[in-house]
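Engineer: Each chain, written out:
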Amino acid sequence: MSGINKEDGNKESDAVRELLDVTREMANGNYSRAIESDLYGELGELARYINMTFKKLQTLEPNIKLSSEKIPLAASQLSDITRATEEATNRIMELTEKVLDNHDLISSGIERVKCSNRLDKSNIGELDKLVSNNKESLIEIITCLSFQDLTGQKINKIMEMMREVESRILELIVTFGLKANSEKGNMDEVTSPILNELKKPVSDDLKQDLVDDMLKKFGF
Amino acid sequence: MPDLKMKILVVDDFSTMRRIVRNILKQLGYSNIEEAEDGDVALTRLKLDRYGLVISDWNMPNMTGIELLKNIRSDSALKDIPVLMVTAEAKQENVIVAIQSGVNNYIVKPFTAEVLKEKIDKIFDKV
Numbered sequence: 001m002s003g004i005n006k007e008d009g010n011k012e013s014d015a016v017r018e019l020l021d022v023t024r025e026m027a028n029g030n031y032s033r034a035i036e037s038d039l040y041g042e043l044g045e046l047a048r049y050i051n052m053t054f055k056k057l058q059t060l061e062p063n064i065k066l067s068s069e070k071i072p073l074a075a076s077q078l079s080d081i082t083r084a085t086e087e088a089t090n091r092i093m094e095l096t097e098k099v100l101d102n103h104d105l106i107s108s109g110i111e112r113v114k115c116s117n118r119l120d121k122s123n124i125g126e127l128d129k130l131v132s133n134n135k136e137s138l139i140e141i142i143t144c145l146s147f148q149d150l151t152g153q154k155i156n157k158i159m160e161m162m163r164e165v166e167s168r169i170l171e172l173i174v175t176f177g178l179k180a181n182s183e184k185g186n187m188d189e190v191t192s193p194i195l196n197e198l199k200k201p202v203s204d205d206l207k208q209d210l211v212d213d214m215l216k217k218f219g220f
Numbered sequence: 221m222p223d224l225k226m227k228i229l230v231v232d233d234f235s236t237m238r239r240i241v242r243n244i245l246k247q248l249g250y251s252n253i254e255e256a257e258d259g260d261v262a263l264t265r266l267k268l269d270r271y272g273l274v275i276s277d278w279n280m281p282n283m284t285g286i287e288l289l290k291n292i293r294s295d296s297a298l299k300d301i302p303v304l305m306v307t308a309e310a311k312q313e314n315v316i317v318a319i320q321s322g323v324n325n326y327i328v329k330p331f332t333a334e335v336l337k338e339k340i341d342k343i344f345d346k347v
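Chain order of the listed sequences is A and B. In terms of this note's numbering, the first sequence opens at residue 1 and continues consecutively. In terms of this note's numbering, the second sequence opens at residue 221 and continues consecutively.
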């Protein structure tokens with residue numbers, strides 16, 4: 001006589017079949033279906049673990065989706081910033097070079113005036129024009145410096161995006177636990193340096209005077 | 221005293237930075253200036269002509285400033301060319317690596333014209 005009757009046996013096979021179907025779907029990336037059959041003993045334990053894993057994996061997709069959208073966006077913003085700062089810097093350089101060239105002309109003009117016995121109005125007129133050109137250039141330089149405001153705003157947006165990505169990554173780490181091992185070793189060892197870098201607010205770079213102290217020690 | 225007519229090679233992947241250094245050098249009286257956008261291009265230029273000074277950034281594509289420095293020091297024709305690093309790399313370990321690789325002096329960005337003049341003068345006081 002069997003301890004399991006035919007009806008129980010069928011229920012058990014259906015449940016195992018359901019277990020198989022659900023794990024197959026999980027392997028194919030579908031995390032929305034949970035196991036509904038009532039299972040007992042070891043199979044029940046297995047079903048509960050699978051359902052728990054499903055719940056965790058359901059947090060994976062939206063977090064990855066958000067991160068994969070935000071990161072290229074941040075990269076594109078950074079590219080815009082590089083372009084904007086380069087354009088502004090080049091324009092400021094052009095204007096500054098113009099001012100410097102005019103400055104040399106003004107200096108030579110003043111020397112000519114000093115050397116001559118009388119005031120030549122045409123010389124003075126030329127100097128006046130150069131001074132006026134310089135003033136225009138300097139005002140345009142001030143205007144060009146407004147790029148800092150635009151790039152500052154873009155940087156703030158990027159920082160916001162990165163904070164959001166950071167919190168999603170942290171959510172994933174917490175969800176999947178810190179005990180998971182990867183080929184590169186413990187997840188903690190991989191993620192901690194990244195998180196520490198994100199949190200680091202102040203640069204620990206040396207300033208020139210500290211570099212000079214170091215150079216002195218080596219005989220420079 | 222440095223020779224104001226010597227040929228100087230300014231190496232940086234940012235054209236704006238090369239322009240800034242060129243302008244400052246011009247103000248200091250140096251007019252014979254050439255540029256290279258990375259260490260690889262710089263090394264090719266150095267092998268083709270005679271240079272009195274190399275002013276190089278650290279982080280560049282194709283060949284970094286530190287790799288350029290090492291290549292210069294290991295080339296018998298180039299090894300005595302003074303090299304001044306002008307770079308945003310400002311960690312202690314960077315300075316040490318540069319010194320060990322044979323740099324003549326080291327400037328951290330952002331820098332002033334006075335600092336550039338001081339470091340160039342110092343290099344040629346020793347040379």
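Each hint should be verified, as a subset may be incorrect.
[As the list claims (entries may be wrong)] Derived EDC-like pairs (lysine to aspartate or glutamate); straight-line CA-CA distance at most 20 Å:
no., chain 1, residue 1, chain 2, residue 2
1, B, Lys311, A, Asp209
2, B, Lys227, B, Asp269
3, A, Lys207, B, Glu313
4, B, Lys346, A, Asp212
5, B, Lys290, B, Glu338
6, A, Lys55, A, Glu36
7, A, Lys217, B, Glu313
8, A, Lys55, A, Glu126
9, A, Lys154, A, Asp101
10, A, Lys98, A, Glu126
11, B, Lys329, A, Asp209
12, B, Lys246, B, Asp300
13, B, Lys329, A, Glu36
14, A, Lys65, A, Asp209
15, B, Lys311, B, Asp300
16, B, Lys311, A, Asp213
17, A, Lys217, B, Glu255
18, B, Lys246, A, Glu164
19, B, Lys337, A, Glu36
20, A, Lys70, A, Asp209
21, B, Lys329, B, Asp258
22, B, Lys329, A, Glu166
23, B, Lys311, A, Glu126
24, B, Lys311, B, Asp345
25, A, Lys216, B, Glu338
26, B, Lys337, A, Asp212
27, B, Lys329, A, Asp213
28, A, Lys129, A, Glu171
29, A, Lys217, B, Asp260
30, B, Lys342, A, Asp209
31, B, Lys329, B, Asp223
32, A, Lys217, B, Asp341
[To be verified] Interface residues of chain A toward chain B, partial, derived using beta-carbon atoms under 8 Å:
no., residue
33, Met93
34, Ser116
35, Arg118
36, Met214
For the record, the hints were derived by calculation from the structure and aren't laboratory data. Heads up, the beta-carbon is just placed ideally off N, CA and C, and yes, glycines get one too.
Engineer: If a hint holds in the structure, say so; if it doesn't, say that too.
Structural biologist: Verification of the hints:
1. B:Lys311 / A:Asp209: holds (13 Å)
2. B:Lys227 / B:Asp269: holds (9 Å)
3. A:Lys207 / B:Glu313: The hint holds at about 14 Å.
4. B:Lys346 / A:Asp212: Holds. Lys346 (chain B) to Asp212 (chain A) sits at ~16 Å (cutoff 20 Å).
5. B:Lys290 / B:Glu338: violated (24 Å)
6. A:Lys55 / A:Glu36: holds (14 Å)
7. A:Lys217 / B:Glu313: holds (14 Å)
8. A:Lys55 / A:Glu126: Given that 20 Å is the threshold and the Cα spacing comes to 80 Å, the pair is violated.
9. A:Lys154 / A:Asp101: Distance of about 35 Å is beyond 20 Å: violated.
10. A:Lys98 / A:Glu126: holds (15 Å)
11. B:Lys329 / A:Asp209: Measuring from Cα to Cα gives roughly 12 Å; hence the hint holds.
12. B:Lys246 / B:Asp300: violated (24 Å)
13. B:Lys329 / A:Glu36: Given pair Lys329 (chain B), Glu36 (chain A) is violated - Cα atoms ~64 Å apart, limit 20 Å.
14. A:Lys65 / A:Asp209: violated (47 Å)
15. B:Lys311 / B:Asp300: Answer violated: Lys311 (chain B) to Asp300 (chain B) is near 26 Å, above 20 Å.
16. B:Lys311 / A:Asp213: Between Lys311 (chain B) and Asp213 (chain A) the Cα gap is close to 13 Å, so the pair holds against 20 Å.
17. A:Lys217 / B:Glu255: At roughly 32 Å apart (the allowed maximum being 20 Å), Glu255 (chain B) and Lys217 (chain A) break the hint.
18. B:Lys246 / A:Glu164: violated (47 Å)
19. B:Lys337 / A:Glu36: violated (78 Å)
20. A:Lys70 / A:Asp209: At roughly 40 Å apart (the allowed maximum being 20 Å), Asp209 (chain A) and Lys70 (chain A) break the hint.
21. B:Lys329 / B:Asp258: holds (18 Å)
22. B:Lys329 / A:Glu166: Distance of about 30 Å is beyond 20 Å: violated.
23. B:Lys311 / A:Glu126: Violated, at about 51 Å.
24. B:Lys311 / B:Asp345: violated (26 Å)
25. A:Lys216 / B:Glu338: Holds, because 14 Å separates the two Cα atoms, which is no more than 20 Å.
26. B:Lys337 / A:Asp212: Roughly 14 Å between the alpha carbons, so the hint for Lys337 (chain B) and Asp212 (chain A) holds.
27. B:Lys329 / A:Asp213: holds (16 Å)
28. A:Lys129 / A:Glu171: violated (65 Å)
29. A:Lys217 / B:Asp260: violated (31 Å)
30. B:Lys342 / A:Asp209: holds (15 Å)
31. B:Lys329 / B:Asp223: Measuring from Cα to Cα gives roughly 25 Å; hence the hint is violated.
32. A:Lys217 / B:Asp341: Since the Cα atoms of Lys217 (chain A) and Asp341 (chain B) sit roughly 19 Å apart, the hinted pair holds (cutoff 20 Å).
33. Met93: holds (5 Å)
34. Ser116: violated (28 Å)
35. Arg118: violated (33 Å)
36. Met214: holds (5 Å)
This entry does not satisfy hints 5, 8, 9, 12, 13, 14, 15, 17, 18, 19, 20, 22, 23, 24, 28, 29, 31, 34, 35, going by the numbered hints stated previously.
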